[in-house]
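Peer 1: Take the given structure of chain Z and dock chain Y to it, following the hints.
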Amino acid sequence: MRNWEKTSLLIALSIVLIVACAPRIAPLTATPTPAEPAILRVMTHDSFLVSEALIAQFEKENNVKLSFLPSGDTGAALNKAILSKNTPLADVFYGVDNTFLSRALDEALFEPYASPRLASIPTEFKLDAENRALPVDYGDVCINYDKAYFAENNLALPQSLEDLTDPAYKDLLVVENPATSSPGLAFLLATISHFGADGYLDYWQQLKDNGLVVVNDWETAYYTNFSGSSGHGPQPMVVSYASSPPAEVIFAENPLTDAPTASITAPGTCFRQIEFVGILAGTPQRALAEKFVDFMLSVPFQEDMPLQMFVYPVQPEAKLPEAFVKYAQLPQEPAALAPEDISTNRNAWIEAWTETVLR
Amino acid sequence: MIQPATGTALKSRGNWGVLALWLLPLLFLGLFFFAPLISVFKLAGEAAVTAAPQANLLDRITRPLGFTFYQAALSTLATLALGLPAAYIFGRYTFPGKSLLRVLTTLPFILPTVVVAAAFNALIGPRGWINLGLMNLFNLTAPPLQMLNSLPAILIAHVFYNTTIVIRVVGSAWSQLDPRMEQASRVLGATPLKTLREVTLPLLRPAILAAGLLVFMFDFTSFGVILLLGGPQFATLEVEIYIQALHMLNLPLAGLLSAVQLLCTLGFTIAYSRASLHLNVPLAPRLQGEGMRRIRTWREKLLVGVTIILLAVLLVLPLAALGARSVVRLEADRGERGGVQTGLTLDYYRELFVNRRQSLFYVPPIEAARNSLVYAGTTVLFSLTLGFLASSALARRARINRVLDPLLMLPLGTSAVTLGLGFIVVFSRPPFDPGSFPLLIPLAHSLVALPFVVRTLLPALRSIPISLRQAAGVLGASPLRTWWEVDLPIITRAAMVSAVFAFTISLGEFGATSFLARPEYPTLPVAIYRFIGQPGALNYGQALAMSTLLMLVCGLGILLIERMRLPGLREDW
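Protein sequences, first through last, are from chains Z and Y.
Our numbering numbers the first residue of the first sequence as 137 and each following residue consecutively.
Our numbering numbers the first residue of the second sequence as 1126 and each following residue consecutively.
If we strip away everything but chain Z, and leave its shape as in the complex, we get (with noise of 0.2 angstroms):
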């Protein structure tokens, strides 16, 4: 009985063995016929988020089925992208964002296409003449505040990126590492605007000097450091999106009246990001990827963006949420720089940031 069992269990391991190596045999020789859905791959970065709906939807009326390959975040899945563009992993690719759109354009990643929507769409939105790269929707990184802290210290705002050097607000503040984080990099940026290539480290000096706080990530920053989030941290002022405060009105564990946070918007604290979509250069389902481009930058799609992802349609006649309009602010006077200038410099940027803030 015991060699039995024991001869048995052999022959059982060697079986699953033996299958688990054999190589699938793909359907590959199956001629797709007109009933069956032709397959359009999505790359996206990991904040991609959409309602079901929408999809299945957009799957029936176009006979196609839509595969989303999430890829990392925004750089991750840039350079997987790069890295693939020999044999591209998928046909549209969606999430490249100003500070990363001249790589992409370098990479000659995109096939240009003027597709007709692109027309109600502002110009301030439009970085790629060519078409390579559409806009899709944008968002503010600001400061949040915690409103409680200042409401209860009697503390007024700061009313621009100096105040922040301001001894009032000594150890407030929490920031990404630029080298690590996208909302990070992009407040990097803002105060490249805003003191220049030459005036930002010594602004950045003055800000370590006031007990700057830099974390590597944003989830560090906003569940741990801030103390307006549910982490209660020590800082009441964290670099986020404006798109936080109605995000935690809409997450809260009791329902809210009013956003326990705010973002500070005075002109140049901000920075826009914007992200893109592209049709990636010799896909097979060129005439599919371009409807699909044109379903993203359509009404219902970009009025589903805002609260699947926290971000801003770029097509004026899209309606925002009710907690948009409440809870989140639009900055007047974001700060930006162009993305030929990002792209050459980023590298020498965050690497003098890097001696002067953490060395």
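Since the hints were made in silico from the structure, they are not lab data.
No false leads were mixed into what you were given.
What follows is a list of derived Cβ distance ranges for each label pair: (1) Z:N390 to Y:A1267: 21 to 31 angstroms; (2) Y:L1428 to Z:N290: 56 to 66 angstroms; (3) Y:L1156 to Z:A474: 39 to 49 angstroms; (4) Z:N390 to Y:Q1271: 28 to 38 angstroms.
All of these numbers come straight from a predicted model, not from anything done at the bench.
For each residue, glycine too, the CB sits at the ideal point set by N, CA and C.
Peer 2: Chain Y alone, transformed into the frame defined by chain Z:
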């Protein structure tokens, strides 16, 4: 000092037998490790030709390299300092709650670093339980303990993560030691300390070396802990590789740094296999529980008590803090900074089952748990099969082993980012893309698990006295029968330990394999990352609830593996 016996390795029937055993493991390493790695180095080389030369290149390599060695050495020493006494009490004493404590001390190993950061934050963070308690006790207005973002935080987190390696590897060897040797030493008049130094430790040296090397490799390639708990002023090689590859898009420098890391790893493993070559002493398999004893004297009570308390504080308390935080609402009263209104709630768990925003990427927790378990089970199967083959080959005497042994350990010390990028380059086409080849993920997990399996199985295989096999042969058993009746029962304990490692590695892995993750098969760690990446108290709570679920699933899985008995084999320890 006991003389190491030299005749333990099996005489091989020529190199062909060994080569046949190596076939599958080598094929596996070639396809899933060397091919991706070489493709990335090739790309980095091509990019380097066109790129501008790096300024102060040497400085940019030596600075992270120095810190990497420094923190890895400190962390390994700290881990051994806690792990060896713990391995002793697990290997030598029976006490109530032992198996529960063993499972609890294994759990840290599976947790994604984001969750560990959250756990430490819930415990020692500015609003963690300890600071809240101290503030209430002494009426303080500010949190007295500032632990996060410092070198001690890195060391504590590494001890938290890796002590289980020492407990499992050394503890299992300790429980297998022949107690008669120690008894003989005592009878001959040696003090307990002398017995420990001259009998026990030399016998345990292979296990301690193996555990130390595994811990060191983990600390050496540490990444999430440094980023999240160490803060921005600390950078290991792996952190630099991550920044250069994924944020600066500087592939040449990233490739160079990972080559440096790989060379270091190769150096350790070669040194290790040299050092461990003649360390193994043949030991007859012992009866179950033979070396185990109850705690009797006050000295034993003190030792066991202190060790358990240390384990509880360093390993179990952060887990408990995490679990507690997932069922407690911690809402500060607006306008009253000091006071915190707490209350019990199951909202976070309830919310996990609701797709509130009708999102396409919503992950039902049951499905995530099922995917995780299926991957983990498959990983155990793969890595144990490959591990048995490789360690059987290594246990034989053949020249080729000297070259191949260090290769097996390499995946553990390889940059996860580099390997992950390699996966993308190599596995981007059918039939080997993650979409059409779902086995890719457990195979990639096995890559990390295999070194553990081999390092756990090999000392056990080498410790089998040749006389037992010869006796079986003389009595007419075929080689296969000998393996089945002699080898297998003796290495069961080691096989169980390696199964637990493979299982936990697969459940918690979020390194290289996250590059392969597919939205169709989300795992528990993937789901946790989705929640923690968004603002709002509910999302944070759900991430903690999901992490607690991960711990429960893993704990149950480990219990199940440890309860599982291969047919006809002895009781496990």
